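Student: Residue numbers (my numbering), protein chains in the order written: chain A, 1 to 363; chain B, 1 to 363.
Hint data in this document are derived by calculation from the structure and do not stem from the laboratory. Check the hints yourself; a few may be wrong.
[As the list claims (entries may be wrong)] Computed beta-carbon distance windows for the label pairs:
(1) A:Val360 with B:Gly139: 32 to 38 Å
(2) A:Asp57 with B:Leu229: 57 to 63 Å
(3) B:Asp262 with A:Arg226: 34 to 40 Å
(4) A:Asn166 with B:Ser251: 23 to 29 Å
(5) A:Asn358 with B:Gly348: 44 to 50 Å
(6) A:Lys250 with B:Gly173: 36 to 42 Å
Nothing here was measured: the structure is a model prediction, and the numbers come from that model. Even for Gly, the Cβ is constructed at its ideal location relative to N, Cα and C.
Here is what each chain is made of, one letter per residue.
Number of protein chains: 2
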Amino acid sequence: MKQKIIDPWGSGLLEDYGKIIKDFGLEIFNSKLFPEPNRIMRRGVVFAGRDLKIILDAIKSKKRYYVLSGIMPSNDKIHLGTKMVVEGIKYFQEHGAETYILIADLEAASTRGVTLGEARKRALDFHIPAYVALGLDVGKTIFYFQSENKEVMNNAYEFAKKITLNEFKAIYGSADPGKIMAAMAQVADILYPQFKERMPGIIPVGVDQDPHIRLTRDIVRRVKDRKFLLPSSLYHKYTPSLDGDIKMSKSKPESCIELPEDIKSVKKKIRNALSGGRDTLEEHRKLGAAVEKDMVFELMKQHLVEDDAELNKIYNDYKSGKMTSGELKEIACGKMEGFMNNFVKGIGQARKHIDRLNFVKFK
Amino acid sequence: MKQKIIDPWGSGLLEDYGKIIKDFGLEIFNSKLFPEPNRIMRRGVVFAGRDLKIILDAIKSKKRYYVLSGIMPSNDKIHLGTKMVVEGIKYFQEHGAETYILIADLEAASTRGVTLGEARKRALDFHIPAYVALGLDVGKTIFYFQSENKEVMNNAYEFAKKITLNEFKAIYGSADPGKIMAAMAQVADILYPQFKERMPGIIPVGVDQDPHIRLTRDIVRRVKDRKFLLPSSLYHKYTPSLDGDIKMSKSKPESCIELPEDIKSVKKKIRNALSGGRDTLEEHRKLGAAVEKDMVFELMKQHLVEDDAELNKIYNDYKSGKMTSGELKEIACGKMEGFMNNFVKGIGQARKHIDRLNFVKFK
Numbered sequence: 001m002k003q004k005i006i007d008p009w010g011s012g013l014l015e016d017y018g019k020i021i022k023d024f025g026l027e028i029f030n031s032k033l034f035p036e037p038n039r040i041m042r043r044g045v046v047f048a049g050r051d052l053k054i055i056l057d058a059i060k061s062k063k064r065y066y067v068l069s070g071i072m073p074s075n076d077k078i079h080l081g082t083k084m085v086v087e088g089i090k091y092f093q094e095h096g097a098e099t100y101i102l103i104a105d106l107e108a109a110s111t112r113g114v115t116l117g118e119a120r121k122r123a124l125d126f127h128i129p130a131y132v133a134l135g136l137d138v139g140k141t142i143f144y145f146q147s148e149n150k151e152v153m154n155n156a157y158e159f160a161k162k163i164t165l166n167e168f169k170a171i172y173g174s175a176d177p178g179k180i181m182a183a184m185a186q187v188a189d190i191l192y193p194q195f196k197e198r199m200p201g202i203i204p205v206g207v208d209q210d211p212h213i214r215l216t217r218d219i220v221r222r223v224k225d226r227k228f229l230l231p232s233s234l235y236h237k238y239t240p241s242l243d244g245d246i247k248m249s250k251s252k253p254e255s256c257i258e259l260p261e262d263i264k265s266v267k268k269k270i271r272n273a274l275s276g277g278r279d280t281l282e283e284h285r286k287l288g289a290a291v292e293k294d295m296v297f298e299l300m301k302q303h304l305v306e307d308d309a310e311l312n313k314i315y316n317d318y319k320s321g322k323m324t325s326g327e328l329k330e331i332a333c334g335k336m337e338g339f340m341n342n343f344v345k346g347i348g349q350a351r352k353h354i355d356r357l358n359f360v361k362f363k
Numbered sequence: 001m002k003q004k005i006i007d008p009w010g011s012g013l014l015e016d017y018g019k020i021i022k023d024f025g026l027e028i029f030n031s032k033l034f035p036e037p038n039r040i041m042r043r044g045v046v047f048a049g050r051d052l053k054i055i056l057d058a059i060k061s062k063k064r065y066y067v068l069s070g071i072m073p074s075n076d077k078i079h080l081g082t083k084m085v086v087e088g089i090k091y092f093q094e095h096g097a098e099t100y101i102l103i104a105d106l107e108a109a110s111t112r113g114v115t116l117g118e119a120r121k122r123a124l125d126f127h128i129p130a131y132v133a134l135g136l137d138v139g140k141t142i143f144y145f146q147s148e149n150k151e152v153m154n155n156a157y158e159f160a161k162k163i164t165l166n167e168f169k170a171i172y173g174s175a176d177p178g179k180i181m182a183a184m185a186q187v188a189d190i191l192y193p194q195f196k197e198r199m200p201g202i203i204p205v206g207v208d209q210d211p212h213i214r215l216t217r218d219i220v221r222r223v224k225d226r227k228f229l230l231p232s233s234l235y236h237k238y239t240p241s242l243d244g245d246i247k248m249s250k251s252k253p254e255s256c257i258e259l260p261e262d263i264k265s266v267k268k269k270i271r272n273a274l275s276g277g278r279d280t281l282e283e284h285r286k287l288g289a290a291v292e293k294d295m296v297f298e299l300m301k302q303h304l305v306e307d308d309a310e311l312n313k314i315y316n317d318y319k320s321g322k323m324t325s326g327e328l329k330e331i332a333c334g335k336m337e338g339f340m341n342n343f344v345k346g347i348g349q350a351r352k353h354i355d356r357l358n359f360v361k362f363k
């Protein structure tokens, strides 16, 4: 039973992630090795990484290392995948990492056509406050805007010489000028904390962001005259779409929860989500729920229930048929309402203190 | 006879340039329209342009306009084509243009792998002094390094969204990440003087640099929210290789004169150059020289003889057979020695005053 709680997401999807691990050459993530693993680490949502040992060593021996992530301010919502990234940052921040958050305004410009002014406004009004509301300790976080960071831009140009168009396409599947420029800036961002001093760094990402990690690692291997350490990375699974698809996506709004989103709308979506409940109550009581197919349980596991014992009880009650799908959904709705209220309130409070952020001052 | 002096370069090559004018959609350059046309304008070396009328109007009505060019500090020599670009800049500088010279250190990094530090050193030690030695008035010239110009870099990212990879390839023939990033920076450079105020600008280039002009003009047409004027451009022909090929190139060092170059080496190359002289003296006196095939005469026309009457006399003497190929070459050697001595001396003097340059101060 314990085994199943660790990853009750369904064997089909598990196989997909197994394939990703194999195809991308990732390491399987073992939460037992890390001190105080967080919720998504303990539950197999964080499932893989690259070069994790050097990070583990840095944590245990209290050596300098960094965690870095980027905010892409292309609109005024974030999704649950972003929440998992922030939880990853928070974990390493609490375990000694120097924390860097960059605002990818150049990427927003070159890939989405968002002006730098608009990107800046969105980042300050929403994205940074949202990260704070999700648990980032701003007092310990260094922020910068790509567009203000000459070193990042200059290095992006130097790194561009190290890769061919075909190599780029092999990594990203496609290429266009805006995407190439954004990717080169990302490489420079990922290495930015090492510009002054070589040190380990970890980048928590959704698995679809791995191309940036691979490109960066390829370039580090080719920049012979500067001794960067290969950046490490940590991968979380997607939060599945409420209709059961592998990834929640705005292209199917009825199966996608945005942050923030009106709670009435969210509750309606949760109530309509793909369920593991049986067709009749009688059958449900007899067979119990097919939990591995239940998207609401997955949502609770990934995002809504912090306590393992509580989640375990819900799992057992639902699996045994004691708890109905309707009851499970109402628990989820209640927890989601609490989360969303706190999130919105947290954003409001963080906005008031936006002037206290540690932005890198550039000459 | 006068007609032939205007362009005695040979009908074969003329046809090539006619094709370029047609294929690229250029305007034929008419030196008679411009006040005090310079040597290369008068002699048909400047042969085409884009949107020249707006520049002519600005000159005549003393309106604000700019001339802009870039220095690519990838090595410690320049070629005769660069000399012609500087002469183009000088012409417009003397006719009221605000003058911008950018150091394309990001391009040197992303396309040649030259570090920014090395690029800066070469620009200050050699390229800028060389431009001054060739006649640039530094007191009236605004300089900047691409790598210091955040506005240029930021705009390069915004502009990248406006073009697809296939469009880029159609303009440049090929694409790779370094080339794409360099090209986007060039577009931003070309428009930089218009960031604060819309105004006409002219970019004097060798015809092989036209892709940058086309890309910039395509992007200006797509940037609807910012009202840039389409930049104008001016094209000079190549200085032909001393063996008669259309373009002097370092890939054939025996037929290529670099600036600076040891005068003994240059004289040897001139003496070995493709000549329009006849096989025997008797034949030469009888038939006269085939001037249109003579690379040394072309060199004198493009670079070494300022005075039209003097060039005309040389042309007539040579064409009639009165002057031998050997005599022509010795005149060229003497003039080249004078030019090279002045050039080297000019560089030395300009280096002493490098601190007086007007570099844009960036925050």
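Student: Can you list which hints this structure breaks, lowest number first?
Tutor: none
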